[in-house]
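S.K.: Chains as they are written, first to last, in this note's numbering: chain Y, 91 to 233; chain D, 91 to 233; chain L, 91 to 233.
I should point out that these hints are in silico values taken from the structure, not numbers from a laboratory.
None of these values were measured; they are calculated from a predicted model.
Some hints could be false.
Pairs involving identical chains hold if they fit within one copy or between any two copies, as the list cannot separate such chains.
What the hints assert, rightly or not - In silico BS3-like cross-links for lysine-lysine, where the CA-CA straight-line distance does not exceed 30 Å:
| no. | residue 1 | residue 2 |
| --- | --- | --- |
| 1 | Lys135 | Lys107 |
| 2 | Lys103 | Lys92 |
| 3 | Lys135 | Lys103 |
| 4 | Lys222 | Lys103 |
| 5 | Lys107 | Lys92 |
| 6 | Lys222 | Lys135 |
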Amino acid sequence: MKLTQTLHTLEVKTTGKGFFEINRPLNQWLAEIGATDGLLTLFIKHTSASLIVQENADPTVEQDLMDVLDRLAPQRPDYRHSSEGPDDMPSHIKSMLTQSHLAIPVNDGRLALGTWQGVFVLEHRAQPHSRKVALHYLGNTGP
Amino acid sequence: MKLTQTLHTLEVKTTGKGFFEINRPLNQWLAEIGATDGLLTLFIKHTSASLIVQENADPTVEQDLMDVLDRLAPQRPDYRHSSEGPDDMPSHIKSMLTQSHLAIPVNDGRLALGTWQGVFVLEHRAQPHSRKVALHYLGNTGP
Amino acid sequence: MKLTQTLHTLEVKTTGKGFFEINRPLNQWLAEIGATDGLLTLFIKHTSASLIVQENADPTVEQDLMDVLDRLAPQRPDYRHSSEGPDDMPSHIKSMLTQSHLAIPVNDGRLALGTWQGVFVLEHRAQPHSRKVALHYLGNTGP
Chain Y
91 MKLTQTLHTL
101 EVKTTGKGFF
111 EINRPLNQWL
121 AEIGATDGLL
131 TLFIKHTSAS
141 LIVQENADPT
151 VEQDLMDVLD
161 RLAPQRPDYR
171 HSSEGPDDMP
181 SHIKSMLTQS
191 HLAIPVNDGR
201 LALGTWQGVF
211 VLEHRAQPHS
221 RKVALHYLGN
231 TGP
Chain D
91 MKLTQTLHTL
101 EVKTTGKGFF
111 EINRPLNQWL
121 AEIGATDGLL
131 TLFIKHTSAS
141 LIVQENADPT
151 VEQDLMDVLD
161 RLAPQRPDYR
171 HSSEGPDDMP
181 SHIKSMLTQS
191 HLAIPVNDGR
201 LALGTWQGVF
211 VLEHRAQPHS
221 RKVALHYLGN
231 TGP
Chain L
91 MKLTQTLHTL
101 EVKTTGKGFF
111 EINRPLNQWL
121 AEIGATDGLL
131 TLFIKHTSAS
141 LIVQENADPT
151 VEQDLMDVLD
161 RLAPQRPDYR
171 HSSEGPDDMP
181 SHIKSMLTQS
191 HLAIPVNDGR
201 LALGTWQGVF
211 VLEHRAQPHS
221 RKVALHYLGN
231 TGP
């Protein structure tokens, strides 16, 4: 079967700091383009938000993870880069410690995730943002 | 030459917390499918184990890295998510701070790693587990 | 259009610990091979240097990020692995907490980055090094 690629940009509206699961819009896009088996690569076009694969069964996991990120990247008065607000430099740090891109196999037209895995946009800024996630599908496509 | 893709799931048995090198089974699979030049993508279907590329020459490197992960994600009594045991939430944190996927170029049918680089499954749970690593090879294949 | 892949190794000279932006040589290579739309994957063949996508508008961001990495991975007298110098084990830790590979969409022959995103080699060792970054382009190519 002939391999093809499809590129797209997904817009994700966040409501401020937190985890925003995108399994559904990703699977929807894979269905739209007729993806069958292949690989989906995601790349977030921002450095104060990031991508992560984590458990999506129990929301307290996300809260505990956010606490850890807050401890590792607290708001501090002594960052050199402070012109964009007290939550900006912590956001870059959290982005550094998580992922700016992900790659996930696609099977039978859907993300081949483990049972409790969710794909999330991690918003690190306090305010709502519209985040651009570039998608690249490589693989087979059906009729 | 015509590009092809091959998908597979590698099962990795861990014996509890630690580094489990998978260079050998990865190269073995690449040989089986006749891979020559391309790209291998790995994705772990779990959020309490992860993937990492690290030095494989001196095992004390792995012990020091594990100490760091234990310091960054200690067992604490105050995690909200505690129903799956005291080592579960630390495992999710360690997974967040390392990788859920990797991509490694393939050259002449083998992983194009640096001299002392190993590819590891990082088991974060205390108990042994069987971990599923989804593989996607894209590239040329030989006769 | 027919998908093709191209592999290459980029040599990046570092002058010691710091961020070294590689947007320019990456875009130059993409132009040389006639890349149009596709995906660029980078893999660093070292475990004491790493890759990162971060803000490239304000250099103080990089300094603050480096401070964080130094706090998370200080030079300590009690690492087991110490034979390669006091900055070696901290380098492996920093490498673990950042990325050994990246994947970035390519659009119209250029990296499809956000407005202020830079792709950097993160040198963690104190001394200058020559770092090998393996590149894999997959996608369409022009005339």
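S.K.: If a hint holds in the structure, say so; if it doesn't, say that too.
M.R.: Do the hints match the structure? See the list:
With identical chains, the CA atoms of Lys135 and Lys107 are at most 30 Å apart both within one copy (17 Å) and between copies (26 Å). Taking the closest pair of Cα atoms, Lys103 and Lys92 never come within 30 Å of each other, the shortest separation being 35 Å inside a single copy and 35 Å across copies. Taking the shortest alpha-carbon separations for Lys135 and Lys103, both the intra-copy value of 14 Å and the inter-copy value of 27 Å come in at or below 30 Å. For the identical chains of this complex, Lys222 and Lys103 are intra-copy neighbours only, at 9 Å inside a copy versus 32 Å across copies, given an alpha-carbon limit of 30 Å.
When the C-alpha separation of Lys107 and Lys92 is checked against a cutoff of 30 Å, the pair qualifies neither within a copy, at 42 Å, nor between copies, at 42 Å. In the homo-oligomer, the alpha carbons of Lys222 and Lys135 lie at most 30 Å apart both inside one protomer (6 Å) and across protomers (25 Å), since each shortest distance falls under that limit.
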